[in-house]
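Engineer: Protein chains in written order, with UniProt numbering: chain L, 1 to 103; chain Z, 1 to 103.
There could be a bad hint or two in this list.
Since copy identity is lost for identical chains, a pair holds within one copy or between any two.
[What the hints assert, rightly or not] Cross-link-like lysine-lysine pairs, in silico, DSS-like; alpha carbons within 30 Å at most:
1. Lys101 / Lys59
2. Lys59 / Lys48
3. Lys21 / Lys48
4. Lys84 / Lys10
5. Lys84 / Lys59
6. Lys21 / Lys84
7. Lys10 / Lys21
No lab work stands behind these hints: they were computed from the structure.
What you are looking at is a predicted structure, and each value in this text was computed from that prediction instead of being measured.
Single-letter residue listing:
2 protein chains.
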Amino acid sequence: MAYLLQVDFKMEGPYGEEMSKGFVELAQSINDEPGMIWKIWTEDAAAKEAGGIYLFETKETAQAYLEMHSARLTSFGIQDIRGKIFEINEPLSMINHGPIKNK
Amino acid sequence: MAYLLQVDFKMEGPYGEEMSKGFVELAQSINDEPGMIWKIWTEDAAAKEAGGIYLFETKETAQAYLEMHSARLTSFGIQDIRGKIFEINEPLSMINHGPIKNK
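With the rest of the complex left out, here is chain L (with noise of 0.2 Å):
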């Protein structure tokens, strides 16, 4: 069974184009964590808010990434981190088409 990590925080930027540059090889080097399969990057440039949701094959997996990811974000001088990760419910999210398959 997948897991989902959900992470958001305050950020000043960049957003848009900018972000999208910025953080290529950030976005390669995430493909090589354990566990991960996929991610989607979320901000929300007027609310200074970005984040990302991201599937684990595990809940260690995502549990480790969390740890690494916020001392990493909190390196950056991001604060008001929220990581928060959730058993999928399989069932219902089949219904709903959702994405939560590893493959």
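Chain L is fixed; fit chain Z onto it per the hints.
Structural biologist: Below, chain Z without anything else, positioned relative to chain L:
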């Protein structure tokens, strides 16, 4: 461009199998909501927290759903509802295999 809706809240239950059975009709009705592309149902029985991650076709449909859903959750006696609508950074999400396409 699709928008991501992130919702979480405190809930006494039901969780797990009981949740799967109890919310089938609600899940089916969510497929009929304007602009809804998919939903992943999230739950954490230990923390007594649940929620959903949704993809919507537009910001307006995500906003309308959030308002309706928040009122519905409140009518269920659910409190501390936290809903956020984010833009999606498409280039970075594509690098990380994010399931952000409408089809």
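Engineer: Since the copies are identical, ignore which copy is meant and state whether lysine 21 and lysine 84 lie within 30 Å (CA to CA) inside a copy, between copies, both or neither.
Structural biologist: both (27 Å within a copy, 24 Å between copies)
Engineer: Have a look at lysine 10 and lysine 21 and pick one of within, between, both or neither, based on CA distance no larger than 30 Å.
Structural biologist: within (20 Å within a copy, 37 Å between copies)
Engineer: Given a CA cutoff of 30 Å, do lysine 21 and lysine 48 count as a within-copy pair, a between-copy pair, both, or neither?
Structural biologist: within (18 Å within a copy, 39 Å between copies)
Engineer: When Cα atoms must be at most 30 Å apart, do lysine 101 and lysine 59 count as within-copy, between-copy, both, or neither?
Structural biologist: both (15 Å within a copy, 26 Å between copies)
Engineer: Please sort lysine 84 with lysine 59 into within, between, both or neither, judging by C-alpha distance up to 30 Å.
Structural biologist: For lysine 84 and lysine 59, both the intra-copy (11 Å) and inter-copy (24 Å) Cα distances are at most 30 Å.
Engineer: Check lysine 84 against lysine 10 for me: Cα-Cα at most 30 Å, and say if that holds within a copy, between copies, both or neither.
Structural biologist: both (16 Å within a copy, 13 Å between copies)
Engineer: At most 30 Å between alpha carbons: which applies to lysine 59 and lysine 48, within, between, both or neither?
Structural biologist: Both: 29 Å inside a copy, 17 Å across copies.
Hint check: no violations occur; every hint is consistent with the structure.
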